[in-house]
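**Student:** If you want the building blocks of each chain, they are given just below.
2 protein chains.
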Amino acid sequence: MKDLPEGCIRRLPLYLRQAQRYSDSGVDTVSSKELSEDIGVSPETIRKDLSQFGEFGTRGVGYNPEKLVKEIKSILNLHSTWDLALVGVGNIGSALLTNPEFEEGGFCITLAFDRDPEVVGKNIGGLEVLDVEEMTSRISEEGIDMGVIAVPPGNAQSIADSFVEGGVTGILNFAPVKVDVPSGIELIQVDITCELSRLAYYTGEKLRTKEIEDNYLGEE
Amino acid sequence: MKDLPEGCIRRLPLYLRQAQRYSDSGVDTVSSKELSEDIGVSPETIRKDLSQFGEFGTRGVGYNPEKLVKEIKSILNLHSTWDLALVGVGNIGSALLTNPEFEEGGFCITLAFDRDPEVVGKNIGGLEVLDVEEMTSRISEEGIDMGVIAVPPGNAQSIADSFVEGGVTGILNFAPVKVDVPSGIELIQVDITCELSRLAYYTGEKLRTKEIEDNYLGEE
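Residue numbers (our numbering), protein chains in the order written: chain B, 5 to 224; chain S, 5 to 224.
No lab work stands behind these hints, which were simulated from the structure alone. Virtual Cβ for every residue (Gly too), placed ideally from N, Cα, C. Heads up, some of the hints might be wrong.
Negatives, chain S to chain B, calculated, CB over 10 angstroms [stated by the list, open to error]:
1. Ser27
2. Val31
3. Val34
4. Lys37
5. Glu48
6. Ser55
7. Gly110
8. Asn127
9. Glu132
10. Thr140
11. Asp184
12. Thr207
Taking lysine-lysine and the DSS-like style, the derived pairs with C-alpha atoms no more than 25 angstroms apart in a straight line are [as the list claims (entries may be wrong)]:
13. Lys126/S / Lys182/B
14. Lys182/S / Lys37/B
15. Lys210/S / Lys74/B
16. Lys52/B / Lys71/B
17. Lys182/B / Lys52/S
18. Lys77/B / Lys74/S
19. Lys77/B / Lys37/B
20. Lys182/S / Lys210/S
21. Lys214/S / Lys77/B
22. Lys210/B / Lys74/S
23. Lys52/S / Lys74/S
24. Lys126/S / Lys126/B
The following block holds chain B by itself, in its conformation from the complex:
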């Protein structure tokens, strides 16, 4: 398959989730306009994204949600569930372990590791937390392809290294630090404080605009 633009890959999961919701509620057909209203992406973009994969919908009729789910799952490599290994069962890690969204999305954390003796052996979200010393061997034994890093910044690189050693190909990193991985490994970072900083920039700008408008109205 040809390489897809990053924007499209970011939107496909939104189409998938919404199509799944339509399908679950028994909706037969959905137009790009309806889909647009429910997910906040323009109908033109939706049509352009989906037209790349051939005949998804019927012109003038719309898309069949069930078919959409099946096709997008196949494009995103979500036809079967991905088993994940999580390292770091602190605040974010525990939240991930008990997140119902993951299962619906096709992801299942099957191994969880921590280095804190008080956490190792505990059962969180139905899973026993294992000692991080075992991570490379266990990941390799179970053939896990995807790992999640939820440890403090100072330990993130060594966990990434162990993931790579254990044979993981994709890593989601929640630690607020850059980690280096070989070129055959895919790494995506989720950085909540960066998102808040971005929000601060835009919010500050909007507050300034509001202030200027208020002052202007006050002068009338």
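Chain S: place on chain B using the hints.
**Tutor:** Below, chain S without anything else, positioned relative to chain B:
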């Protein structure tokens, strides 16, 4: 100030965090090359981003981390701490309440709400959880400008509406659903399952490449 490109606004928090780390460890000067190695953004992009704000560094010498921190904080509207209101103290909400990164980044959750009677009144991360019924009045009284939504998808829109009613200007939404806000309100969504789906796409592609290479080697 002129509008900054989105990419630049996404990178500025990374520069800021790293500059703060240099500054904390007593580093006097840092080159764009060193900064590049530590955060994984090319030196050209760093120089281009920072040159927009005037004379940040000295040609051939580098940037002063302390000055960098001060200037980027000013650009991102982070010169003083932002007080945040959080709604939904479930798994993600609790993780946010106890996240040390927030404070370092200039954010402080000062109000937390939930609708579960078993959670209301509890002290989490040093903060008493309040009844969500009070949220609009409390946010408005305290003059909170930024809110965080960490409730299930079905309740996200009504929480967003209450935030707007209470006078909030910026919203960070962790609920995996689109919420509508008026044009004067800034909304940023953090969608962990979407990030995992994106990772699944890239990981699947890399696994396929690996398989093809392995088969090819096997034939030799």
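**Student:** Which of the listed hints are not met by the structure?
**Tutor:** Violated: hints 7, 11, 12, 13, 18, 20.
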